[in-house]
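Got chain A sorted already, so can you dock chain B onto it with the hints?
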Amino acid sequence: MTDARPAGVRPQPPSRAPRNVGLVAASLLVLWAALTLDIDPAEILELPGGVSRLFYEMFLERGPDWTYLDDALEGMLESLQIAWVGTVIGAALSLPLGFFGAKNVSSGLVSTVVRQLLNAIRAFPEIVLAIAIFIPIAGLGPVAGALAVGLHSVGTLGKLSAEVIEGIDPGPVEAARAAGGRTLQIQRWGVLPQVLPEIIAFWLYRFEINIRAAAVLGVVGAGGIGFQLQQTIAFQRYALAGTAILVVVGATIAVDTVSGWLRRRIIEGTGARVTGEVVEQPELAEVRAA
Amino acid sequence: MSLPAATRSVRPAKPRPSLAVPIGLVLFVAISWASLSEEFGIGLDIGALIEDFTRGAGILGELLTPNWNFLPRTVEPMLETFQIAVVAAVIGCAVALPVAFLASRVTSPNLATFLVDRSLLSVVRAMPDFLYALVFVAAVSIGPLAGVAALVMFNVGVVAKLLSETVDGVDTGPIEAARAGGANRSQTVRWAVLPQVLPNYVAYSLYTFELNIRASAVIGIVGAGGIGNQLFTQYRFFNWSNVSVIVVELFLFVFAIELLSIWLRRRLV
Numbered sequence: 001m002t003d004a005r006p007a008g009v010r011p012q013p014p015s016r017a018p019r020n021v022g023l024v025a026a027s028l029l030v031l032w033a034a035l036t037l038d039i040d041p042a043e044i045l046e047l048p049g050g051v052s053r054l055f056y057e058m059f060l061e062r063g064p065d066w067t068y069l070d071d072a073l074e075g076m077l078e079s080l081q082i083a084w085v086g087t088v089i090g091a092a093l094s095l096p097l098g099f100f101g102a103k104n105v106s107s108g109l110v111s112t113v114v115r116q117l118l119n120a121i122r123a124f125p126e127i128v129l130a131i132a133i134f135i136p137i138a139g140l141g142p143v144a145g146a147l148a149v150g151l152h153s154v155g156t157l158g159k160l161s162a163e164v165i166e167g168i169d170p171g172p173v174e175a176a177r178a179a180g181g182r183t184l185q186i187q188r189w190g191v192l193p194q195v196l197p198e199i200i201a202f203w204l205y206r207f208e209i210n211i212r213a214a215a216v217l218g219v220v221g222a223g224g225i226g227f228q229l230q231q232t233i234a235f236q237r238y239a240l241a242g243t244a245i246l247v248v249v250g251a252t253i254a255v256d257t258v259s260g261w262l263r264r265r266i267i268e269g270t271g272a273r274v275t276g277e278v279v280e281q282p283e284l285a286e287v288r289a290a
Numbered sequence: 001m002s003l004p005a006a007t008r009s010v011r012p013a014k015p016r017p018s019l020a021v022p023i024g025l026v027l028f029v030a031i032s033w034a035s036l037s038e039e040f041g042i043g044l045d046i047g048a049l050i051e052d053f054t055r056g057a058g059i060l061g062e063l064l065t066p067n068w069n070f071l072p073r074t075v076e077p078m079l080e081t082f083q084i085a086v087v088a089a090v091i092g093c094a095v096a097l098p099v100a101f102l103a104s105r106v107t108s109p110n111l112a113t114f115l116v117d118r119s120l121l122s123v124v125r126a127m128p129d130f131l132y133a134l135v136f137v138a139a140v141s142i143g144p145l146a147g148v149a150a151l152v153m154f155n156v157g158v159v160a161k162l163l164s165e166t167v168d169g170v171d172t173g174p175i176e177a178a179r180a181g182g183a184n185r186s187q188t189v190r191w192a193v194l195p196q197v198l199p200n201y202v203a204y205s206l207y208t209f210e211l212n213i214r215a216s217a218v219i220g221i222v223g224a225g226g227i228g229n230q231l232f233t234q235y236r237f238f239n240w241s242n243v244s245v246i247v248v249e250l251f252l253f254v255f256a257i258e259l260l261s262i263w264l265r266r267r268l269v
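Top line first, the protein sequences correspond to chains A and B. Numbering follows this note's numbering, in which position 231 of the first sequence is assigned residue number 231; successive positions increment by one, without gaps. Numbering follows this note's numbering, in which position 172 of the second sequence is assigned residue number 172; successive positions increment by one, without gaps.
Bound conformation, chain A alone (with noise of 0.2 angstroms):
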């Protein structure tokens, strides 16, 4: 009988060095991290119930105060209305910035440097462009908060446009050059059909998480229900805050569930991917982009 297996010799098993130093180093940087941090332990026992108190004050006690309702949604509606200015400006400025920032569409050296301009400009939170440019510019209130939530999202958004345009299907490109159409009917009927869907809907999903931002601004005077949560939150007039706190949480799922809805509808509805490729999820983009 003779044994199949040839009496070789195992393999060596590749080095595990590189990857346990890289983790040995990983947990000794999150050692130092955590126990240089001032944090006082005692404070960390305290927290569950500081925040059930809070809770307690907030939702079951006396609030949530009803009567301030109409302020909180006051608050909110310039919140939204902040976001949806941001995302138009971020979306206006930011599909050219795209076609730019596309190495298939521009020329290498162009796009390098609009994508390292697009880069620098996402490295900036909205809060800091608020305070930094806009706020001394259009002077306090929501104009302020607007363009810094544009600006910013100029930047994320021009990332992800020019991605999605870097992977579109040659083939309506050559036809429509092939057929004679200039530079901008190519970029118009060979680009444009087949990444707009995908764009749109980043432009909804960038429109979610500007409202998330737009509700910091009015900590700083940039407009929107910031203000009313520091505010309430401040002065500990708890009863007020939870409604606020409702009224946060409840608009920003309202509006999350119909844009993911319209983002499904706009994706899948039209047939966007020729592909067959699985549709990627806005939020593993930015992940990748990022």
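Derived from the structure by calculation, the hints contain no laboratory data. The beta-carbon is built from N, C-alpha and C at its ideal position, and this holds for glycine as well. Only true hints are included.
If you want a taste of the chain A side facing chain B, the calculated C-beta under 10 angstroms gives, among others:
#, residue
1, G22
2, A120
3, A132
Label pairs and their calculated CB-CB ranges:
#, chain 1, residue 1, chain 2, residue 2, range
4, B, N69, A, T183, 49 to 59 angstroms
5, B, D45, A, D40, 42 to 52 angstroms
6, A, R53, B, N110, 25 to 35 angstroms
7, B, A34, A, Q236, 32 to 42 angstroms
For chain B alone, kept in the frame of chain A given last:
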């Protein structure tokens, strides 16, 4: 002699125009107009903005001349920001793991758990990060603990949502194999599901860490520790040359973390 009917080319009827596009456009224009208008919305006026630009030019000039002597005072809060981001990301991602498995139809033990977990998750995600910071500052006190707690909530929302959607899409073959091999629920998750989603989990964790650095500027403003606190103080006293030092520093920091994260993700995923 006429051609047989079959070869005569018949133009297919045009599809009926869909109402969705015009309705969508009308809604879009109406909402945008209302949001921009002075009366119903935020009152954005391009002409006034251009005029304002000259008024803001003085401040922008100050912003363009950073006061670098301020730099040493920002080191400690910046470090605190980094620490808060690290600790919150580790705790948040650890908590998000079981939450994500309970929030996916593939791995959730029963419909009730699935529905409860999903609804809780959408409430957690509906609260913006700074609102958590406000609540935790009120619940304990001003300081980094409130910041860590706020970012933990924020991270659980992000990672659990992303991961549960990834779990929804896993290959069911290994799950069937594990069940056929007699594995119980937790063994199935451990050996058939987790290995499939682990690369994604690592990517999401790094992504939230990046988000945390940016979010720390926000939560510091309401007193939850880190660089945001200092940014807000300098802003309130109109020390624009100090504000710009923090902004430049934050920008470089975010950029560096992003590069590091991209590099790590390429190596790990």
